[in-house]
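Here the protein sequences come in this chain order: A and B. The letter at position 15 of the first sequence is residue 15 when you use the working numbering, and the numbering goes up by one with no holes. To convert, count from 1 in the second sequence and add 1000; that's the working numbering.
If you are wondering where the hints come from, they were derived from the structure by calculation, not from laboratory data. Note that the structure is predicted; figures quoted are calculated from it, not measured. Idealized CB from N, CA, C, for every residue including glycine. Accuracy of the hints is not assured; some may be wrong.
Think about it this way: if two alpha-carbon atoms lie no more than 20 Å apart in a straight line, the pair counts; the simulated EDC-like pairs of lysine to aspartate or glutamate are [what the hints assert, rightly or not]:
#1 B/K1124 - A/D209
#2 B/K1124 - B/D1086
#3 B/K1116 - A/E176
#4 B/K1015 - B/D1143
#5 A/K109 - A/E14
#6 B/K1037 - B/E1074
#7 B/K1124 - A/E130
#8 A/K185 - B/E1173
#9 A/K109 - A/E130
#10 B/K1146 - A/D203
#11 A/K28 - A/E68
#12 B/K1237 - A/E176
#13 A/K168 - A/D180
#14 B/K1038 - B/E1077
#15 B/K1227 - B/E1297
#16 A/K202 - B/D1086
#17 A/K168 - B/E1173
#18 B/K1116 - A/D174
#19 B/K1216 - B/E1003
#20 B/K1259 - B/E1247
#21 A/K58 - A/E11
#22 B/K1199 - B/E1270
#23 B/K1237 - A/D174
#24 A/K117 - A/D209
#25 B/K1146 - B/D1095
#26 B/K1038 - B/E1297
#27 A/K80 - A/E64
#28 B/K1038 - B/D1095
#29 B/K1116 - A/E130
#30 A/K40 - A/D63
Examples of chain B residues lying across from chain A (beta carbon under 7 Å, computed) [as the list claims (entries may be wrong)]:
#31 K1116
#32 F1127
#33 D1130
#34 M1132
#35 N1166
#36 G1169
#37 D1170
#38 P1171
#39 F1174
#40 R1178
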Amino acid sequence: MIVAEPKPIKEILEMTRDCGKILVVGCKGCVTVCNVGGSKEVGILASTLRIAAKRDGKELTVDEHTLERQCDPEYIDELKDKVAAYDAVVSLACGVGPQFLSERYPAQKIFPGVNTKFMGGALEHGMWAERCAGCGTCVVHHFGGLCPIARCSKSLLNGPCGGSSGGKCEISPDVECIWDMIVTKLMQEDRLDDLLQFRPAKDWTTARDGGPRRLIREELVK
Amino acid sequence: MNEYRSGSNLEKVLKAGHFAFTGECGPPPGANVELLKKKAQHLKGCVDAVNVTDNQTAVVRMASWAASLVLLQEGLEPNFQMVCRDRNRLAIQADILGVFTHGIRNMLCLSGDHQKFGNHPGSKNVFDIDSMQLINLVKTMRDDGKFLNGQDIDVSPNLFIGAASNPFGDPSEFRVYRLAKKISAGADFVQTQCIYNMKRFREFMKQAVDMGLHEKCYILAGVTPMKSVGMARYMAKQVPGMDVPDELINRLKGAGKGKVADEGIRFAVEQIEEFKEMEGIAGVHLMAIEWEHRVPEIAKMAGVLPRPKV
Chain A
1 MIVAEPKPIK
11 EILEMTRDCG
21 KILVVGCKGC
31 VTVCNVGGSK
41 EVGILASTLR
51 IAAKRDGKEL
61 TVDEHTLERQ
71 CDPEYIDELK
81 DKVAAYDAVV
91 SLACGVGPQF
101 LSERYPAQKI
111 FPGVNTKFMG
121 GALEHGMWAE
131 RCAGCGTCVV
141 HHFGGLCPIA
151 RCSKSLLNGP
161 CGGSSGGKCE
171 ISPDVECIWD
181 MIVTKLMQED
191 RLDDLLQFRP
201 AKDWTTARDG
211 GPRRLIREEL
221 VK
Chain B
1001 MNEYRSGSNL
1011 EKVLKAGHFA
1021 FTGECGPPPG
1031 ANVELLKKKA
1041 QHLKGCVDAV
1051 NVTDNQTAVV
1061 RMASWAASLV
1071 LLQEGLEPNF
1081 QMVCRDRNRL
1091 AIQADILGVF
1101 THGIRNMLCL
1111 SGDHQKFGNH
1121 PGSKNVFDID
1131 SMQLINLVKT
1141 MRDDGKFLNG
1151 QDIDVSPNLF
1161 IGAASNPFGD
1171 PSEFRVYRLA
1181 KKISAGADFV
1191 QTQCIYNMKR
1201 FREFMKQAVD
1211 MGLHEKCYIL
1221 AGVTPMKSVG
1231 MARYMAKQVP
1241 GMDVPDELIN
1251 RLKGAGKGKV
1261 ADEGIRFAVE
1271 QIEEFKEMEG
1281 IAGVHLMAIE
1291 WEHRVPEIAK
1301 MAGVLPRPKV
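Excised from the complex, chain A in its bound form (with noise of 0.2 Å):
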């Protein structure tokens, strides 16, 4: 999933400075699983900027919405009778939310509330770890399943660099050193010869240097 985390309040607070009338808007997709943007952050949000508005003595409503997605225009579109009421929305989504409310409603000021932060998994509840850098080629099939570009610190296609120490990486004790992994895993699994097998310069045009990117599938286009 998409993990994200909230906004400071005080960015949002001084984004909203001059609102009287704001939209918290959430999305039960990936931000609603990772505790950040679903119907019960929104409501939190809400109160907050409720709490802070009457500590300051200024007059300001806050309504709230969920949305199923905000990453689907059909779900976007649910709010087209009702954005117009107000100053501003704060979408509770990932870096994609706030964008498909600012090209579906262009005359609506549309707020980020929360800082997306990587595509990965739940380690344990409450703490999330980065997994695909979507790099658009998926090669984690010759690394034993782990991906070291994503996870190594330098991309590293070719094996771990001389700063990998009992198992962390060289920028912190906090990082594991990917490679660490690979070497142990394949190792064991009696395939030194994958690791010793030299892998070529990636081509990334799949990846993200390759310009902002777009699928099409035609046998799903109508």
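Mind docking chain B on chain A? Use the hints.
Leaving out everything else, chain B in the frame of chain A:
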């Protein structure tokens, strides 16, 4: 090898079977060319080639190619270092052609320390290719006359290709294989990370020799003399992939006040003496960090002077 690959002094010295001795010079954190020239002069006549570091530890300094050219003008042979952190494949290939055009003949291919360590931790890194791919890229440019995209190069850059090896990095069982992989990718010579744990290094070299790696590539053992107990402790604890045995730290401590640096040098000289005899070792790479002025005495004590003229 009937012909020279680059014809660099370092290649000639190694090919003639001499025990090579290379040094290192960090470019200044500014445009202080006089300081660079002064540091270089200490190394003149003491070493076969001088490694010129490339934004080492991710701290901005004068460009390695530019400092390498200053060394050339000063009559020293540079070993131009390049890291993959700061350049994509376009810049890498352009810089390779540029340095060769200006007379640089040795190049050391490295991944590069992560920018988190340096003085611009907020920068974006590149890592378009890794050090293994860089080694292979230089070899392809030199031997096949091709760019990475397969297009022809009009005049190929004939460089003597260097790589680094850390015998003490983890996972330790893979380290010798990684060296083998770098040699297969095209490394002509290898300089190791600073060695302090001689026992572990002997084991590493035995593996390398058993695999015949020393017959395919010149292996230079990395030596950095300890200046102080603090430096030894720092290396032991703070530098990932470094193995500094307690025994050495205690030896330095035991040297007494004002004598630690000399003891550090004595240990380095003992190491060099052993490397001269060690099977598979073709030379020593002396990284006297900000201690260039002490290189002449270390070289003299180690009995590696005068340097051969080939």
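*asked:* Of all the hints numbered above, which does this structure not satisfy? Sort the numbers upward.
replied: As far as the earlier hints go, 9 and 28 are violated by this structure, in ascending order.
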